[in-house]
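From first to last, the protein sequence lines stand for chains A and B. When we follow my numbering, the leftmost residue of the first sequence carries the number 1, and every step to the right adds one. When we follow my numbering, the leftmost residue of the second sequence carries the number 267, and every step to the right adds one.
None of these hints come from the bench; they were simulated from the model. On a predicted model such as this, the values are computed, not experimentally measured, just so you know. Any given hint could be a false lead.
What the hints assert, rightly or not - Distance condition first, Cα-Cα at most 25 Å in a straight line; then the derived DSS-like pairs of lysine-lysine: (1) 26/A <-> 52/A; (2) 394/B <-> 85/A; (3) 26/A <-> 39/A; (4) 280/B <-> 52/A; (5) 22/A <-> 52/A; (6) 39/A <-> 22/A.
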Amino acid sequence: MHDFIYHRPDDLGVAANLLAAKAEAKLLAGGMSLLPSLKLRLAQYSDLIDLKSVAGLQDIRREGDTLTIGAMTRHAHVAASDEVKQAIPGLAVLAGGIGDPLVRNRGTIGGSIANADPAADYPSAVLGLGATVTTNRREIAGDRFFTGLFETALEEGEIITAVRFPVPFRSGYMKLPHPASRFALTGVFVAQTRVGVRVAVTGAGSSVFRLPAAEKALSIDFSPAALDGIAVDPGALTSDIHASAEYRAHAIVVLTKRAVTAAQAQ
Amino acid sequence: MPFVSMTVNGVRRKTGVEARTLLVQYLRDHLRLTGTHVGCDTSQCGACTVHVDGVAIKSCTALAVACDGATVTTIEGLQNGDELHPMQRAFHEEHGLQCGFCTPGMIMSAIDIVRRNGHDLDEHTVRKQLDGNICRCTGYHNIVRAIRAGASAMRPR
Numbered sequence: 001m002h003d004f005i006y007h008r009p010d011d012l013g014v015a016a017n018l019l020a021a022k023a024e025a026k027l028l029a030g031g032m033s034l035l036p037s038l039k040l041r042l043a044q045y046s047d048l049i050d051l052k053s054v055a056g057l058q059d060i061r062r063e064g065d066t067l068t069i070g071a072m073t074r075h076a077h078v079a080a081s082d083e084v085k086q087a088i089p090g091l092a093v094l095a096g097g098i099g100d101p102l103v104r105n106r107g108t109i110g111g112s113i114a115n116a117d118p119a120a121d122y123p124s125a126v127l128g129l130g131a132t133v134t135t136n137r138r139e140i141a142g143d144r145f146f147t148g149l150f151e152t153a154l155e156e157g158e159i160i161t162a163v164r165f166p167v168p169f170r171s172g173y174m175k176l177p178h179p180a181s182r183f184a185l186t187g188v189f190v191a192q193t194r195v196g197v198r199v200a201v202t203g204a205g206s207s208v209f210r211l212p213a214a215e216k217a218l219s220i221d222f223s224p225a226a227l228d229g230i231a232v233d234p235g236a237l238t239s240d241i242h243a244s245a246e247y248r249a250h251a252i253v254v255l256t257k258r259a260v261t262a263a264q265a266q
Numbered sequence: 267m268p269f270v271s272m273t274v275n276g277v278r279r280k281t282g283v284e285a286r287t288l289l290v291q292y293l294r295d296h297l298r299l300t301g302t303h304v305g306c307d308t309s310q311c312g313a314c315t316v317h318v319d320g321v322a323i324k325s326c327t328a329l330a331v332a333c334d335g336a337t338v339t340t341i342e343g344l345q346n347g348d349e350l351h352p353m354q355r356a357f358h359e360e361h362g363l364q365c366g367f368c369t370p371g372m373i374m375s376a377i378d379i380v381r382r383n384g385h386d387l388d389e390h391t392v393r394k395q396l397d398g399n400i401c402r403c404t405g406y407h408n409i410v411r412a413i414r415a416g417a418s419a420m421r422p423r
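With the hints as extra help, turn the sequences into a complete structure.
Spelled out as structure tokens, the structure:
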């Protein structure tokens with residue numbers, strides 16, 4: 001790892017100023033993806049701005065039909081939170097299946113979605129629940145947040161502060177974890193929300209995406225059987241040494257059914 | 267060069283380190299606490315597991331400077347004088363090791379499993395929660411047995 005200057009501001013404004021002032025600066029959240037990439041020298045920065053001490057970024061709170069999770073909230077806290085388990089059980093399940101317990105003790109929701117790994121779990125919840133990403137400048141709709149492979153709508157110098165999830169009627173998340181990394185070979189988040197059924201798929205393309213055909217079928221009948229006959233076109237899906245596009249296309253339907261079953265149990 | 271100050275195994279330490287120094291490098295190379303091992307160095311194997319402010323993390327994937335002000339416990343800090351920690355004793359009694367390289371991380375993780383899941387652990391829970399620790403000797407049967415016994419022995423009397 002190349003050396004850098006380390007900053008640990010305790011105020012969001014100071015963090016934003018540092019980020020603006022340094023040309024080659026990067027924000028550090030839990031570091032579960034950033035530090036490995038620095039160690040492999042896949043990335044190099046002049047300054048790291050650690051957000052761990054910035055006040056107000058680690059709260060989980062429910063207000064009416066909205067659950068807000070601070071950007072620096074660790075996966076372990078989301079998984080164990082009574083507030084999350086009660087409001088959106090599918091989200092608690094998702095957080096409890098990221099990486100391994102030691103990664104979950106460190107990794108954060110803001111870091112995960114800012115990194116936008118195509119096989120990360122959280123993006124499917126942001127898209128599947130129709131969440132809103134709050135930054136130091138504005139609010140970004142979950143539908144517009146993920147723009148491609150490791151690409152997001154975040155602009156230079158923008159810092160995620162929280163994610164606001166509308167509380168759905170029911171939700172479920174299922175994934176095929178890669179046996180070594182625990183990343184989603186394919187993962188599906190299903191939610192029956194106040195504005196209709198949403199189905200979001202991660203791990204199967206360059207970025208998380210929705211499945212309109214399944215959403216339509218589940219809107220009529222929210223049951224696994226409603227998905228019989230739904231086929232996913234493997235044409236646009238990822239094919240790699242771990243799984244072919246055809247395998248992933250098949251897995252999407254199976255996992256969607258299982259996620260519906262999990263949601264029905266709520 | 268930034269200074270880091272942390273309490274390691276009950277002793278206050280203050281050292282100048284490069285910002286890029288990983289916590290595991292700080293512990294092993296600067297403090298000579300070589301009980302914490304580096305297995306894979308890619309956040310997979312868990313041999314480097316230590317407790318930072320009471321929570322188990324992989325010290326190969328944390329910056330020493332980010333732990334400034336923290337309380338750190340390594341495998342060397344578990345025993346009380348000559349008396350092994352109940353989890354260490356359980357690994358000894360149940361022969362929860364083969365070559366022993368992964369053992370420090372296994373024990374530090376095991377104590378965190380108890381913190382999160384309590385003292386009554388079934389085999390399924392232990393295996394699931396041991397996801398972040400790899401034993402290349404594949405000695406998992408005795409490791410799982412040791413963790414269940416250690417969890418029980420850690421129960422406050």
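### Task
List in ascending order the numbers of the hints, as given earlier, that are violated by the structure.
none
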